[in-house]
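**Student:** Those protein sequences? They're chains X and Y, same order as listed. 1 is the number of the first residue of the first sequence in our numbering; add one for each residue after it. 1 is the number of the first residue of the second sequence in our numbering; add one for each residue after it.
Just so you know, these hints were derived from the structure itself, not from any lab. Glycine included, every Cβ here is placed at the ideal spot set by N, Cα and C. Treat each hint with caution, since some may be false.
Said to hold, decoys possible - With a straight-line cut-off of 35 Å between C-alpha atoms, the simulated DSBU-like cross-links for lysine-lysine are: (1) Y:K129 x Y:K13; (2) X:K97 x Y:K13; (3) Y:K277 x Y:K190; (4) Y:K129 x X:K173; (5) Y:K131 x X:K97; (6) X:K313 x Y:K131; (7) Y:K131 x X:K48.
Said to hold, decoys possible - From the derived model, a few chain Y residues whose C-beta atoms are all more than 10 Å from chain X: (8) S77; (9) P110; (10) M117; (11) M122; (12) I158; (13) E176; (14) N213; (15) D228.
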Amino acid sequence: MSNDKSAAQGFDNRIAFAETLIKLASSNPRIVAVASDSAGSSNLNAFKAAFPDRLVNVGIAEQDLVGVGAGLANAGLIPFICAASCFLTARAMEQIKVDIAYSNTPAILCGMSPGIAYGELGPTHHSIEDLAWLRVLPNITIAVPADAIETEHVVRWAAQANQPTFIRVSRHKVPLLPGTERKFRPGTAHTLAQGEDITIVALGTMVSAALEASKLLKTKGVSARVIHVTTLKPLDDDLIIKAARETGRIVTVEEASTIGGLGGAVAELLAQVHPTPMRMIGIPGIFAPTGNVDFLFERFGMTPEGIAETCLKF
Amino acid sequence: MLPNSPAQIELWKAFRKEISESDAARTRYMILEQSRLARTEILAMIQIAGMGHVGGDFSVIDILTTLYFAELNIDPSDAAKENRDWFILSKGHCAAAFYATLAHSGYFDPHELSTFMQPMSMLNGHPSKGKISGIETSTGPLGHGLPIAVGVAIAANIQKQDHRTFVVLGDGELQEGTNWEAAMTASQYKLSNLIVIIDRNRLQQGAGTEDTNGLDPLDGKWESFGWDVQIVDGHEPLELLDAIRRGGNEKPRCIIANTVKGKGVSFMENRAEWHHKVPSAEQNLAALKELFS
Ligand SMILES: Cc1ncc(C[n+]2csc(CCOP(=O)(O)OP(=O)(O)O)c2C)c(N)n1
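So that you can see chain X by itself, here it is in the shape it has in the complex:
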C-alpha cells in the first residue's frame, strides 16, 4: 500500500479507494469516475492521469453531479460518483432519491471525508446526517468500510454489484483490523471480540476504537462483545439480535449523528423483536462546536476510553 509509512497511525481509506478504482478501471473500460471540482479531495488525480477521458468533472454542482452520474449509469457505464459526503448527500438528496434509488440506477455514490473529518471547518462541512438521510431510501446499499482492506473489498464488490450503492469513504486514519481480508458480503457483520456482559456495535472509523475499548473493559472485569458492522443497510439483523439476547445491553458507536444512523437502525430493529437497553455514541443530535476531529472525538466520548466509560456507566 502506498502510504505504508503512516502505518503506525493507520490508513486514510480514500487512498485504498482510489488505488482500487484505478486497478479495476484498467481491466474494465465501463468504469468511470464523476467529480464536482472534487478530484483532489477525492484522491482522483491519479485516476485522471491514467484515464483522462473517464473522469467527468461537472464543476461545483452536486445536483448536476448525481444527475450526470445517473445518466452515465443508465447509458451502460459504471460511475463512481465522488464528492465530499456533506455536499454529495445534502445537496443532491432529491437526485439520490429519484434518479438513483427510485429509478434503481446502478450507480455508486462515494461520500468522501464523512463524519467529522473536516472538524475545524464546522457543521456545514460535517457529514453526520448522511447515514440517516440515506437509510430511509429503499434500494440503496449503504457500506461503511472500516479499514483500507475492507475499502478495497467494498469497491470491488460495488463495481460488479449492478445496484445503487453508497460507500462512505473515511478520511480519519484507521489501523488495519483483524479479519478484513475475508470476502465482503452485504448484510454480514462480524464479531471481532467475544463477550458476555455487553455488546458494542461499531461502524467505520469507530470499529478500531470499539475493539480497543473492549480491551480496556477487560482490565476492569467487563467482558464486552464487539460487532463490526460494514453495511448499515442491509443490517445483519440476526447477529445483532443474538448479541442482544446473549448480553442484554447494546452500545452503538458511529462517526455520525446518534439520530437515525447505526444507533437508530439497531434501536428500530431491537424495539420490534427483542427490546434491549441501549446507549448510543456519536454526535448527540447537535451541531458540533469548532475543533479538529480528535478534539471532537474526545468531547463526544468517541475514543476507546470514552466508549469504555459509557459501557461502565451503563
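Place chain Y with the ligand on chain X using the hints.
**Tutor:** What follows is chain Y with the ligand alone, placed relative to chain X:
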C-alpha cells in the same frame, strides 16, 4: 456570541470619518493600507490554524475592505440595527478574510483572530451566524448566499426599507445552479436594492474555471438574466466604489470584479494550489516581506 469591541469600533469610526473627508487618492491609499494589514493578519491566522484558504482570502480582501471601511451603512455596535445594509459572504471558505474585516470593524476583539479554528473558538472554519455579530447567515457550502440575499431584498421592499443587500460570490461558485435560479427571481422582482459582487479570479479549487465548467461570457450571462452588469478591477477600491455608487435602474446589479487569486504575494498569485495550501514558515516570511515592500 463574541462581544463587540468598543475600542476597535471607535478606531473604525475614525477611519470611516477620515475616509468620508478624503479625496479619491487618499481614500484609495487608506483602503489599500487597511487591506495590507488584513492580509498580514490572514497569514498569521492561517499559520496558527495550519489550515485555511489563502488564495481566495487575498483575492476578496480588497472588496471586503472597500465595503466595510468606505461603503456599507452599518453600525458594529448595533449589528442588527433596523434598515442596515446587509452583507453576505457567500464564498464562506474565505472566512479568514471576513473575520479579519469584521474584527477590524469592531464586531469583535481582533485578539480573537488567533483562535481561528481552534477548539471551541467562535471563529469556525466557515462563518457561523450566532457566533459573531455581523454574520447575517451561515455560509460554507457554495451557492447559498444569493438566494438568501434575494429574500432579504424582497423583504426590504415589502417593509418599505431603503437599505441595500450585498453578496460576494466566488466565480467557481457560480457553477452551482441555485445562483441562476436566484438570479431569475431577482430580476423578476426588479431588485434594484441588490448588488452582487463576483470575485472573478478565474480559479476554483482544482483548476481554472474555464478549464472546468466555463463561465465566459460571464457579463452576457448576467445581462441575459436581466441584470445590470459592470466590470471593474477588484483590487481598485475607487473602481469598486464608483460601480456601487453609480445610479441604478430597476434592475438588480452585478459587479464583476476581476481579481487575482493570491493577490499581493507573487508566488501565490494565479496558482490553483494556493486555494488551500498552507504556507511554510519560510514562505510566510517571504510573503510578509512582499506585502511590506
Ligand atoms: C456546495 C459545495 N461544494 C463544494 C465545496 C468545496 N469547495 C470549497 S471552495 C471551492 C472552490 C470555490 O471556488 P471559487 O468560488 O472560485 O472561490 P475562490 O477561487 O474565490 O476561492 C470548493 C469546490 C463547497 N464549499 N461547497
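**Student:** Hints first: check each against the structure and report whether it holds.
**Tutor:** Status of each hint after checking the structure:
1. Y:K129 x Y:K13: Satisfied, since the Cα-Cα distance of roughly 24 Å is no more than 35 Å.
2. X:K97 x Y:K13: violated (52 Å)
3. Y:K277 x Y:K190: Violated, at about 41 Å.
4. Y:K129 x X:K173: Within the cut-off at roughly 31 Å; holds.
5. Y:K131 x X:K97: holds (34 Å)
6. X:K313 x Y:K131: Holds, at about 34 Å.
7. Y:K131 x X:K48: violated (40 Å)
8. S77: Per Cβ check, S77 (chain Y) is outside 10 Å of chain X; nearest 25 Å; holds.
9. P110: holds (18 Å)
10. M117: Its Cβ does come within 10 Å of chain X, the nearest being 4 Å, so this is violated.
11. M122: violated (7 Å)
12. I158: holds (29 Å)
13. E176: violated (6 Å)
14. N213: Violated: least Cβ distance 3 Å, not greater than 10 Å.
15. D228: It holds; D228 (chain Y) is separated from chain X by about 25 Å at its closest Cβ, greater than 10 Å.
Hint check: violations occur at hints 2, 3, 7, 10, 11, 13, 14; the rest are consistent with the structure.
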